[in-house]
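With the hints as constraints, model all of the structure from the sequences given.
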Amino acid sequence: MEHPYLFLTSVFGLFGLEEWAAHHPHVTYMWFAMIILIVFGWLAGKSVSLVPKTAQNVFEVVISGMEEFVVSITGEEGRKSYPLLISIFLFVLVGNLMGLVPSFYPPTASVNTTMALALIAVGWSHVVGVWHHGFKYIKHFLGPVPLMIPLFLPIELIAHTARVLSLTFRLFGNMMGHELVVLILLMLGGMFLAPLPVMAMGVFVALVQAFVFFLLSTMYIAGAIEEAH
Amino acid sequence: MKKETGKNLRELGYFASLGISVALSIFIGLGLGLWLDKKFDTDPVLMFVGLALGIVAGFSNIIRAGKKGKNY
Chain C
2 MEHPYLFLTS
12 VFGLFGLEEW
22 AAHHPHVTYM
32 WFAMIILIVF
42 GWLAGKSVSL
52 VPKTAQNVFE
62 VVISGMEEFV
72 VSITGEEGRK
82 SYPLLISIFL
92 FVLVGNLMGL
102 VPSFYPPTAS
112 VNTTMALALI
122 AVGWSHVVGV
132 WHHGFKYIKH
142 FLGPVPLMIP
152 LFLPIELIAH
162 TARVLSLTFR
172 LFGNMMGHEL
182 VVLILLMLGG
192 MFLAPLPVMA
202 MGVFVALVQA
212 FVFFLLSTMY
222 IAGAIEEAH
Chain G
4 MKKETGKNLR
14 ELGYFASLGI
24 SVALSIFIGL
34 GLGLWLDKKF
44 DTDPVLMFVG
54 LALGIVAGFS
64 NIIRAGKKGK
74 NY
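As given, the protein sequences belong to chains C and G, one line each in that order.
The opening residue of the first sequence carries number 2 in this note's numbering; numbering runs sequentially from there.
The opening residue of the second sequence carries number 4 in this note's numbering; numbering runs sequentially from there.
Read the hints as simulated data drawn from the structure, not as lab findings.
There may be inaccurate statements among the hints.
Within a straight-line C-alpha distance of at most 27 Å, the following computed DSSO-like cross-link-like pairs (lysine-lysine) qualify [unchecked claim]:
id, chain 1, residue 1, chain 2, residue 2
1, C, 140, G, 70
2, C, 137, C, 81
3, G, 70, G, 10
4, G, 71, C, 140
5, C, 137, G, 70
6, C, 140, C, 81
7, C, 81, G, 10
8, G, 71, G, 10
9, C, 81, C, 47
10, G, 71, C, 137
Since we're looking at a predicted model, the values are computed, not measured.
If you want it as structure tokens, here you go:
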């Protein structure tokens, strides 16, 4: 289903790129999410002082609270992966919440964005595994008995592929479904504010899906750090 | 965030993602088998092998979760 009107597409239309922007709304809105995050990061880091003031206080509580949460799951070794994890969380959150603004398209409602994020998260968990265990990381894929390696290797490979796909389709399905329901209700009963309850629930969905994505990538990294079974 | 809440959330995330990973494992195995069948021209054989592997992979997820759940 096509969006009736997209704000950034008409902005790109000013530069003669309307056709390209209309076909890639997830790309343009992803750039917009990146701009929002960069501006917020710049605002938060602009005047860092030892005794935090108002804005810095808020950011510090959020960031350090999440950091302790990640470290409680992965152990002290996971602290190095924290910047990636919090970036994923904030990006997915901003991307999801964009779906609630009229004439905005949530970048996470496109399977391209979510699959890229899932590949980055799962790929990084393997990088962390190789980093911690060296060549012995392959033991994670071989099972307990050497004789059963030909059986366990494909099974583990399938299970690890399922991780990428489950991360991809959970986020994509939730956001695309929400977007579709809002659009259909807007078409059917927009005059009577029919999409309003669904949009109110969308705030909750956006938060939960961002948190679930973040939590599962944290747990995959924790699984790569721990010893092979 | 309290430590107990964090642990509960972690378990919630793990067990909530169990169902979808079982379903996806089966489909990945099936898809892999079908693709290899087309590639090597051995029509039904590799599909069944892939399907069996996918089902085993899916259920190994459940068994692993069961072992994890024994701690409670």
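**Prompt:** Straight-line Cα separation of residue 140 (chain C) and residue 81 (chain C) no greater than 27 Å?
**Reply:** Distance of about 23 Å is within 27 Å: holds.
**Prompt:** Straight-line Cα separation of residue 81 (chain C) and residue 10 (chain G) no greater than 27 Å?
**Reply:** holds (21 Å)
**Item:** Holds or violated: residue 81 (chain C) to residue 47 (chain C), with C-alpha atoms at most 27 Å apart
**Value:** Distance ~23 Å between residue 81 (chain C) and residue 47 (chain C) Cα, so the pair holds.
**Request:** Decide if the proposed pair is consistent with the structure: residue 70 (chain G) and residue 10 (chain G), CA atoms, cutoff 27 Å inclusive.
**Result:** Distance ~17 Å between residue 70 (chain G) and residue 10 (chain G) Cα, so the pair holds.
**Message:** residue 71 (chain G) and residue 137 (chain C) were given as a pair; does the straight-line alpha-carbon distance stay at or below 27 Å?
**Reply:** Cα-Cα ~23 Å, so holds.
**Prompt:** Between residue 71 (chain G) and residue 10 (chain G), is the straight-line Cα distance small enough, at 27 Å or below?
**Reply:** holds (13 Å)
**Restraint status (C-alpha distance of residue 71 (chain G) to residue 140 (chain C) at most 27 Å)** = Holds. Residue 71 (chain G) to residue 140 (chain C) sits at ~20 Å (cutoff 27 Å).
**Restraint check for residue 137 (chain C) with residue 70 (chain G), where alpha carbons must lie at most 27 Å apart** = holds (24 Å)
**Asked** Would the pair residue 137 (chain C) and residue 81 (chain C) pass a check requiring their Cα atoms to be no farther apart than 27 Å?
**Response** OK: residue 137 (chain C) and residue 81 (chain C) at ~21 Å, within 27 Å.
**Agreement of residue 140 (chain C) and residue 70 (chain G) with the hint, judged by alpha carbon distance not exceeding 27 Å** = holds (19 Å)
Consistency note: the structure conflicts with none of the earlier hints.
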